[in-house]
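Those protein sequences? They're chains A, B, C, D, E and F, same order as listed. Take our numbering: the last position of the first sequence gets the number 275, and nothing is skipped along the way. Take our numbering: the last position of the second sequence gets the number 275, and nothing is skipped along the way. Take our numbering: the last position of the third sequence gets the number 275, and nothing is skipped along the way. Take our numbering: the last position of the fourth sequence gets the number 275, and nothing is skipped along the way. Take our numbering: the last position of the fifth sequence gets the number 275, and nothing is skipped along the way. Take our numbering: the last position of the sixth sequence gets the number 275, and nothing is skipped along the way.
Don't read these hints as lab results, they were simulated from the structure. Please note that a few of the clues may not be correct.
Copies of the same chain are indistinguishable here, so a pair counts whether it falls within one copy or spans any two.
Said to hold, decoys possible - Cut-off 27 angstroms, straight-line C-alpha distance, at most; resulting in silico cross-link-like pairs (BS3-like, lysine-lysine):
1) Lys266 <-> Lys233
2) Lys233 <-> Lys110
3) Lys110 <-> Lys266
4) Lys266 <-> Lys64
Number of protein chains: 6
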Amino acid sequence: MKIMVINPNESQAMTAMIEKTCAAYLSPDTQLYVRYGGAGMNSIEGFYDGALATPGVLRHIEYGEKDGINAYIIACADDTGLDAGREIATGPVVGIGQVAMHAASMLGAQFSLLTAQRKSIHVLKSNARRYGFANQCAGVHALDIPVLDLEADDADLNEAISQHAQHIVHTDAAEVLVLGCAGLSRYRKQLEVYLNLPVVDGLAVAITFAEGLFKAGLSTSKANTYRRAAR
Amino acid sequence: MKIMVINPNESQAMTAMIEKTCAAYLSPDTQLYVRYGGAGMNSIEGFYDGALATPGVLRHIEYGEKDGINAYIIACADDTGLDAGREIATGPVVGIGQVAMHAASMLGAQFSLLTAQRKSIHVLKSNARRYGFANQCAGVHALDIPVLDLEADDADLNEAISQHAQHIVHTDAAEVLVLGCAGLSRYRKQLEVYLNLPVVDGLAVAITFAEGLFKAGLSTSKANTYRRAAR
Amino acid sequence: MKIMVINPNESQAMTAMIEKTCAAYLSPDTQLYVRYGGAGMNSIEGFYDGALATPGVLRHIEYGEKDGINAYIIACADDTGLDAGREIATGPVVGIGQVAMHAASMLGAQFSLLTAQRKSIHVLKSNARRYGFANQCAGVHALDIPVLDLEADDADLNEAISQHAQHIVHTDAAEVLVLGCAGLSRYRKQLEVYLNLPVVDGLAVAITFAEGLFKAGLSTSKANTYRRAAR
Amino acid sequence: MKIMVINPNESQAMTAMIEKTCAAYLSPDTQLYVRYGGAGMNSIEGFYDGALATPGVLRHIEYGEKDGINAYIIACADDTGLDAGREIATGPVVGIGQVAMHAASMLGAQFSLLTAQRKSIHVLKSNARRYGFANQCAGVHALDIPVLDLEADDADLNEAISQHAQHIVHTDAAEVLVLGCAGLSRYRKQLEVYLNLPVVDGLAVAITFAEGLFKAGLSTSKANTYRRAAR
Amino acid sequence: MKIMVINPNESQAMTAMIEKTCAAYLSPDTQLYVRYGGAGMNSIEGFYDGALATPGVLRHIEYGEKDGINAYIIACADDTGLDAGREIATGPVVGIGQVAMHAASMLGAQFSLLTAQRKSIHVLKSNARRYGFANQCAGVHALDIPVLDLEADDADLNEAISQHAQHIVHTDAAEVLVLGCAGLSRYRKQLEVYLNLPVVDGLAVAITFAEGLFKAGLSTSKANTYRRAAR
Amino acid sequence: MKIMVINPNESQAMTAMIEKTCAAYLSPDTQLYVRYGGAGMNSIEGFYDGALATPGVLRHIEYGEKDGINAYIIACADDTGLDAGREIATGPVVGIGQVAMHAASMLGAQFSLLTAQRKSIHVLKSNARRYGFANQCAGVHALDIPVLDLEADDADLNEAISQHAQHIVHTDAAEVLVLGCAGLSRYRKQLEVYLNLPVVDGLAVAITFAEGLFKAGLSTSKANTYRRAAR
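Excised from the complex, chain A in its bound form (with noise of 0.2 angstroms):
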């Protein structure tokens, strides 16, 4: 099968580190298809840079259509384009920030959203309300970090994060950690050891649910909602 995974920024380490973690969890007979794009953005924070980073993902879902990708992933947390993609796609398309909480919410009974920025709060709330998940979001808490700042191998910054993921954790009486940034997701292993919990980084479960989902025989309802408009 064929998967396309869509990093909605421009970030080139970004990009490089998506494909990276792909390679690891994909099923050796899947084809990969990695997109970025095109929107000026290094890192989408909020409403507005989503706004602005949707059309671009949407073209590479149509020029995806004519290359027969078989299901699609989302590579933001903020799940860009989520609807809109669904609408012009075939196969599946998820966003790596809702199966995070999808499989977070079948490994323990609340979770912990941790993101980069403030302004990025109230996106993952309302997604989680949206995707079913209010009960079992326990909190949306932002490490006040930029983004891109999260790339930086630096000991200081990894026992800050760590430490800051515990304090959520315990103030949430959270039982698993789902990383709200894709620039978390270095961070994994090492937030695993430390709170002694399952954290979920989006991008594994999508790429392992994306192919699952068309291993399933299921595709994109084209009934009333996700049906393209006839014009």
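Got chain A; can you put chains B, C, D, E and F on it based on the hints?
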């Protein structure tokens, strides 16, 4: 004060109608700026149309900020780009779908929403839930008539719309009808008489509420969610 | 048009303040009728006070109907007698607590409510849920200061109120503050500066929204719930 | 123990019927005090009637406190003045609408509510949500028969009510029927046989639950909400 | 009438205490049948314990049906086997956790739940939501003391429990405290004095409510959900 | 990896069908362990059956832990024993009812659930709410055909099921159909063609999601809720 009304689609007829409606409800000392989108669509039907139309809406708000606009109205029942627009606006930003529901919830115990296309039902239902009107919104229904066909002035169509609305209101035990499509504005008076119920046209309410929020000294909060991303 | 503003309590100072606030926000062509309750209470604290004050509110609305009043405002954050009033009014009836929450929900992702007495917290929380703002209302808090003491003009009190509000807004991650007690109106400007957030005084919004609903041709629905009982 | 049962309306027939029902369910060692309202209404239909009847209910509770009443029952399905009554009562205060829903939710997965007038539907629906029974309450329906006409003993009426209830229960897939109007009490037995379902008359349950709460040593909490306002 | 009280665990001490509590609250003409589980556990901590204890609870109900039992009480705050039990019982079946929440919601605006082990928090929170008390239940907290240690009569433990409860009630702004563990019954009186709040012991309420439902002529609905499967 | 699939009932035909379905979806490097319950039931209909079948499910998981099983699937749409199973499993545990709803919510705006018996409606509805799908689940409906009769290969039955599903999907405006009974798996393809909608068979999804969660390095959280009770 200065109000900008943005029609997210490119329909000239719709824009003219919006301008006319605004003129009827505007305070004498309010200056009106009517703008329309530039994404090539004559109507917004569903998430995909909305996503493509949003950058145009945002561009108008950015220009508006330079022109000292005090409040913005997004003149589409889907409230295209509402959250994103708030990030870049100083004054209040309201959508006509949103204020229509707010108004309806103050006039009767529950309301029905009537839209043109079935594709829009979920967009509106999802907005109703997000704004807090899950209990007040008794149903969202589609006429299954293309938005642009609503512009025809035709006795049969008029009667069909009235009967359809009657059926909806009866089924939902609705006490107020909300017009969930700008193209339905012209039927408001007719429906009010036919149904003997308040029928809410979001645009009329949006004008007066946007003026009201500004007069009450209120603006969009710049804490967290609607703060512009630092770059 | 004619608007009647009803202060459900008997405080002359409060009534004078209401009259003054109305004058500041009213359209030039609106005639104002300010009335106050007659149940012997100088403030409404809790359900019991509200229940005893309601018949007085309703009597004013009954007189108002004879005088051709076009819209009513109940000038208590508890929205004393709101639903009952709608049964006997032709035009729209809004409460200042209600419209304050409506306005706040259009200005930020979540708001906090500040009231005078702990007894009122549940009344306001329960109203917030009923109106649909369970998600938007991040918290309701009491100053634990008697309503009437708020009328003192005292530097220490001013500072205490500002600090208390700051604490609340921080704890709730609120983006808007709603004043849930008419006695707090005089602190609005001060709090807006101190908190750097929109601070909503329901009365100001109520004036403009009540005018707006009337100008938009809307009235209270007489289907089912708010139809007068046949006797 | 001493229980006061307050009929918020002035109907002598209803008061007599209440007294008779109480006698059938009361424990031998409970002293019964039946009181009725004094606001001139023979039935409570909607919010307005409820608001006018409330002060009379509260006055009885105030007298009751002097007489050492241990628990109060408000004998109207709308639970007229329930929250206000709790502020001035020491012992538990329950409404017959409220306890009927509590009981029904323990007997089947979902219940329907049957009331006399359409005006009361929203009052009851709103109460159901407030008490927590949004999911358990599958529907609220009106017979559209004046409350007082229910007192007629007429075979056609009996049959009509049974058929109407059958229709409601079928439509809602209800497993329990709740009588949402004191005037329907006399049909309980008949409906139970006809529908082959538990049919809950709130008054019967209220007597036993009020006795139960008192016997279990419980009283109304005087923290915050139901504490009497300090004056 | 005949009531069967089933302790789902095997603790003899707990069973004796249950018998003693029942004796204190039972009506003189009610015959009491106390039974205990047979799955080898001395306390029910979490879903797993609950699942293993359920068949024993059901067996007792099956015997009870042969003995003409009129109502059943499941004497564990987790309400072990409640839904399953209703399928095979004719009369009402209530759990002590369930009725405690019902009672608490009639005595104050919101309640806190106190249990022994952290494992039980989610079970109780999930039950609170299912029964409809998501808004009324302000928090569920654990003492982190093994259930069986609660049987010790120790001044230090008493003081620790009182202080812990005080802290919980303060944090949650709770107006009622619900004891979410049968082992806490013995602390009810002490806590009521210390907190100056109603403290609900489910067993006491269960006795009186079960009697009340039966006296009011009510039984478990045999429509759909609680109808025995046809085999 | 090793996956254990547990059929909570004793039906050999069902177990064989499960084994066959698994073979169709399993990754080549996954070892499959199919087990079936031992409580003497050939189908699980309602809470009582579920409660009696649960200990058998748990016993298989306990054995599985000794055999190094990496993920568990409970192959009943009621998700028999799901929470309890998570307390004793190291790897993820998913139910086929649960994952079917998760998948459906990613493929369309709302789904309908189809089950065999009316007794199961509330079990599934209650699960849908608990998992977070109250808004996405537009309705749960029963065929009113005994589970075992579904195994007949009969043209009339096939047609009846298709028509019934069509009716349900139309009534609910569903965009996806979820098969809420393992016995319906064999009708999936037929229904997908007939309805022109995605039709979700939980077992197929469960296989791929369970593999996916394990591949993504995730396991059941051992904080609080799903930690084994210390004894």
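Here is what the structure says about each hint:
no.	hint	in the structure
1	Lys266 <-> Lys233	between (39 angstroms within a copy, 17 angstroms between copies)
2	Lys233 <-> Lys110	between (37 angstroms within a copy, 26 angstroms between copies)
3	Lys110 <-> Lys266	within (18 angstroms within a copy, 42 angstroms between copies)
4	Lys266 <-> Lys64	neither (33 angstroms within a copy, 29 angstroms between copies)
In the structure shown, a violation is registered for the earlier hint numbered 4 alone.
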